[in-house]
Amino acid sequence: MGEAIVITSGKGGVGKTTSTANISVALAELGKSVVAIDGDIGLRNLDIILGLENRIVYNLVDVVKKRCRAKQALIRDKKNRQLFLLPASQVDDKSAVSPEEMKELCRELKEEFDFVLIDCPAGIEQGFKNALAGADRAIVVTTPEVSSVRDADRVIGLLQHHNISASLLVNRLSVKMVEAGEMMSKEDVMDILAIDLLGLIVEDPEIVVSGNQGTPVVLNEDAPAGQAYRRIAKRLCGDWVEVPSFEQKKGFFAKIFGR
Amino acid sequence: MKLEKPVVEIKGFGGTLGLLLDSEALFDQVVEELKKLLQRTNSKGFFRGAEIFLKGDRHKLSTEEFERLKRILKQEGDLHLKPVAAEIAKPQPEKEVPPEVFPDAERLLSPEQSLNAEESAGSRADVEAVPLSNSEVSPFHQELLKAEQNTISESFPSPKENPAENPAKKPETDDTPEEDLFFIPNMKTSQSLLVRQTLHSGQSVRSKISVVLMGDVNAGAEIVSDQDVFVLGTIRGMVHAGAGGNRDARVFALRFQPTQIRIAELISQPSSEDKKKAQLAPEIAFIEDDVIYIETCWKLRV
Ligand SMILES: Nc1ncnc2c1ncn2[C@@H]1O[C@H](COP(=O)(O)OP(=O)(O)OP(=O)(O)O)[C@@H](O)[C@H]1O
Ligand SMILES: [Mg+2]
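Residue numbers (my numbering), protein chains in the order written: chain E, 1 to 259; chain B, 260 to 561.
Here chain B stands alone, though its shape is the one from the complex (with noise of 0.2 Å):
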C-alpha cells in the first residue's frame, strides 16, 4: 500500500510546533484536513494555548486564508497561529532541527484529557515545554483507562489505581513539576499493562492490551491477552494471545515449558519431546500457515 503524504501535518521542531501544509492540495481541503486532524487528536487539552508557525515553504497563503486556518485552530485546537514571519523573527536555528519532543500527538490523547484541559485551557507563554509537559502525561491516563477495561480475575487482586483518582480528572495546573521526558517524533507506541510478579497456580490475568509479565507464569496460572504477551521470565502454565482473534498476536518467554500457548484460535500443546528439545533461550510463538511456531528469538520484530 502506497502511503500518501498528509495534506495537513502538526510537526515538532526543536520544542516549537509547526504546521506543514501540502502545496498541492486545494484550500478546502486543507481546511477539512486540518479540522479532522484536530478533532482526532483533541488537540484542544493537548496544546492548551500553545503557539504554532505556520511552515511557509509548503503553501502559499493569502492573509484570508491564513486568517481562516488561524480561527480554525484557535477554536478548535486552542492554538495561536504564527506566520512564519514571527518564526523567523524569534531566534530559531534555521534549519529544521531534528525533532525530539513532540510524540504522535493522536496516539497519546484520550477524549477525557481534552474534557479537564478545558478548565486549565489558558494562553502558555513557554512554548517548548508544551508538548512535554503534555506528551508527559497522555501515556499514564491512556494506561490508566485502558486498565480499567481489562479484566483481571475476581480472585486477582486488581491494580492498586483507583478509577476516582484517575489522573485525568486531576486538574493539570502550571505547577504540576513537569519531568524531563522526551519522546521521539512519530514514536511508536501502543499500551501494555506492566505486572511485577509471578503469576502462581490459579493466578489469572486478563486483558484486552498487550500484558509484559516480570515474572513466570507458573503452572496453573494464565495469561489471556486479545494483544501480545511478554514473559520475561519463565512460562510454565498457559498463555492465550490475540484471544480476541488476533492471529497477528505474538507469545514472547525467556523460557518455553508451557502446559499449552494459544495465538486466536489455535492451541499448541508442547510435547514432552518438545520440552526436552526445548533450549535454554528466548523464544516466540507465532501463527504461520495455521500453525502456532515456537522459535528462537534473539530480537523482537514490529
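This is chain E alone, in the form it adopts within the complex (with noise of 0.2 Å):
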C-alpha cells in the first residue's frame, strides 16, 4: 500500500508544479512506483514539465467520469519507468471532480504504487479540497516571503482541520538576500508555521531552464536546486539527510522591526 502526498501552498507561482515534478522524478530515480496526478484541472502544467505533454489522450476527469480506466490514462515516463502522470483536463473545470471521486482514485492507486503525488492548484476552494481528499500527509510549499507565509499558514490551519500531516517546504530562498538581511530565513518561516522542514530550495536559474525544456532540474547532477530534491526524495523514504543550513548575519525581522 502506497502513500498519496498532496504538494500545496494556497498562494500561486510558489513551486507546487516544479516541486511535484522533481519529488516524482527524484522518487522515482531511488527506484520507488510513481504517479504524479495533476489536481489543477483548466491549468495543466505538470505534463509541461515532465516533457510528456505531447503523449496525453486521457485524464482525470476521464477517469473519475469512468470513460476509460486509469491504467489507460496513465503516461509512462521517457526515462523511468517507474514513474507516470496522470494529467489534468485542460477543457473541464475544478467542479469536474468531486472530492470523493478524488478519495477512491488515490485508494485506487496507492494499491499499486509506492507513492501518489498530487499536484494542488492554487486557493483554498474545490480544487484544493479535491486535492487534499485522497491525500494521507501533505507537502507545503511557500518562498520565504510575507503574502506566501501567510498562504502557507492558512493552508496549514485547514489541513489540520482535515487531520493531514504536513511538512514545508522552502522555495526559492536566496541565500545572498538571506544574508543582506532583506529575505526570511528558513528559520524565520519555520518560527511562524511551526511544522516540520522538509527540505530548502534555493533560487536557481536552472529550475526555469529545465522546465522550459521539460526536463526536471532533478536530473542534473550539478544543480542545487537537484541535489535538494533528491534530497527530500531521501527524508520521504525515511532516510533523513539533513538539511543545510545558511548563515544569516541579520534577521530578516531585525530589519523590518528593527531589532
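No lab work stands behind these hints, which were simulated from the structure alone.
Any given hint could turn out to be false.
To be clear about the criterion: a stretch of chain B counts as covered by chain E if any three or more of its residues have a C-beta under 8 Å from a C-beta of chain E, and this derived list gives those stretches [claimed, not checked]:
1) 457-466
2) 475-485
Sample of chain B residues with no beta-carbon within 10 Å of chain E, all distances over it, derived [what the hints assert, rightly or not]:
3) P444
4) Q528
5) D549
As the structure is a computational prediction, the values presented were derived from the model and not from experiment.
All C-beta atoms in this analysis are idealised placements derived from N, C-alpha and C, irrespective of residue type, glycine included.
Please dock the two separately framed chains into a single complex, following the hints provided.
Below, the structure written as C-alpha cells:
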C-alpha cells in the first residue's frame, strides 16, 4: 500500500508544480513506483514540466467519469519506467470531480504505486479540497515572502482540520538576500509556521531552464535545486539527510522591526 | 472592604477535617450558615462519609446542639461529626499542622459531581484519603464541564473530550487509583483552557474561561475569551480578552506583534512604530483610564 501526498501552498506560483515534478522523478530514480496526478484541472502544467505533453490521450476527468480505466490514462515517463503521470483535463473546471471521486482514485492508485503525488491548484476552494481528499499527508510549499508564508499558514490550519499532517518545503530562498537581511531565513519561516521542515530549495535559474525543456532539474547533477530535490526524496523514503543551513548575519525581522 | 470572619468553616488539618465555629455567633446562626455552606459546596458528593472533628476551643456546645449539628452534617454533607475527644483519642498531633491537602471545596466542586456521588456515597475509613481523592478529580470535572461551554469555532476541531465520557458520569469507586496530588489549603485557582498548538491563520478559539496557549497566535488567527489570555509564544494575530465586557481582563504574551489587541470594548492597534519599539520581553496588556497599555511584565500579579 503506497502513500498519497498532496503538494499544496495556498498562494499561486510558489513552485508546487515544479516540486511535484521533481520529487516524483527523484522518487522514481530511487527505485520507487510513482504516479504524479495533476490536480490543477483547467490549468494543467505538470505534463509540460515532465515533458509529456504530447502523449496525453485521456485525463483525470475521463478516469473519474469512467470514460476510461485509470491504467489507460496513465502516461509512462520517457526515461524512468517507474514514473507515471495522470494529467489534468484542460477543457473542464475544478467542479468536474468531487472529493469522493478523488478519494476513491487515490485509494485505487495507492494499491499499485509506492507514491501518489498530487499537484494541488492554488487557492483553498474546490480544487484544493479535491486534491486534499485522497491525501495521507501534505507538503506545504512556500517562498520566504510574507504573503506566501501567510497563505501557507492558512493552508496548514485547513490541513489540520482535515487531519492531514504537513511538512514544509521552503522554495526560492536566496542565500544572498537572507544574508543581507532582505529575506526571511528558513528559521524565520519555520518559526511562524511551526511545522517540520522537509526541504529547502534555493533560487536556481536552472529550474526555469529545465522547466522549459521538459527535463526536470533533478536530473541535472550539478544544479543545487536538483540536489535538494534528491535529498527531499530520500527524506520521504525515511532516510533522513540533513537540511543544509546558511548563516544569517542580520535577521530579516531585525531589519523590518528594528530589532 | 473588611472581610468578616466566617461563622462556620470546614478546614483540613493535616489530612483530617475540622469544623470551626465562631464562638461569638448564636447557635441558630451557626445552623443556618452550616446548612448554607454544605449546600454551596455540594459537600455530599465531596466528603462521602468522611469523619469531621469539632474544633472544641471555638465554641461550647450542649449535647443537644452537638447532636443537631451532627444530624445536619450527616444529612446534608454526608459527614460524621466526632467530638473533640475523638480527635484527641486518635494519635493526632496536638498542634495544628499546616494544612496541606484540603482545597477550597467550593471552588472545586460541581453540581454534577454530587449527582453521581449519591451512588458511591458510603462511609470511608480512610479519612486522610478523602479530601485527596476527591480534590484530585474535581478540577478536571470542572474543566470538562466548562470546556463544553466554550465554543471553539466550527472550523476548528473541538477538543477530544466526549461529553458522554465526562468523568462526572463515571462511577467513582474506591478502586480508582489515587494519585498523590497535593493542594494547598484555600488555594486560589480558576479554570482555564490549555491549548497546545500554534493557531494558524483562519483558526479561532473562543472561550468563556481563560485561555493559555502553548504556541503562537499567527496573523489571521484569533483568541476570544471572556477572561484572561496568556500566550506562551508570539501574538501576531488578534487577541480579545474580557470579551464579555470584563475590563479587568488582561492579555499576556512572550512577544507582542499583534494586528490588534482588544480588552472588553477597547481596541488597540499597535502601529508599525510600536512594533519597532517592541522589546523582546514578555509583555502584558491591560486597561487603565479607558486606555489599553502594553507593558513589559516579568511577574503576573493577581
Ligand atoms: N527554486 C526556484 N528557482 C527559480 N525559479 C523557480 C523556483 N521554483 C519555481 N520557480 C519558477 O516559478 C514559477 C512558478 O512555479 P510553479 O509553476 O512550479 O508554481 P506553482 O505553485 O505550481 O504555480 P501555480 O499556483 O500557478 O500552479 C515557474 O516559472 C518556475 O520555473
Ligand atoms: Mg502549478
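task = Please flag the earlier hints that this structure goes against, numbers listed from lowest up.
result = Checked against the structure, no hint fails, so every one of them is satisfied.
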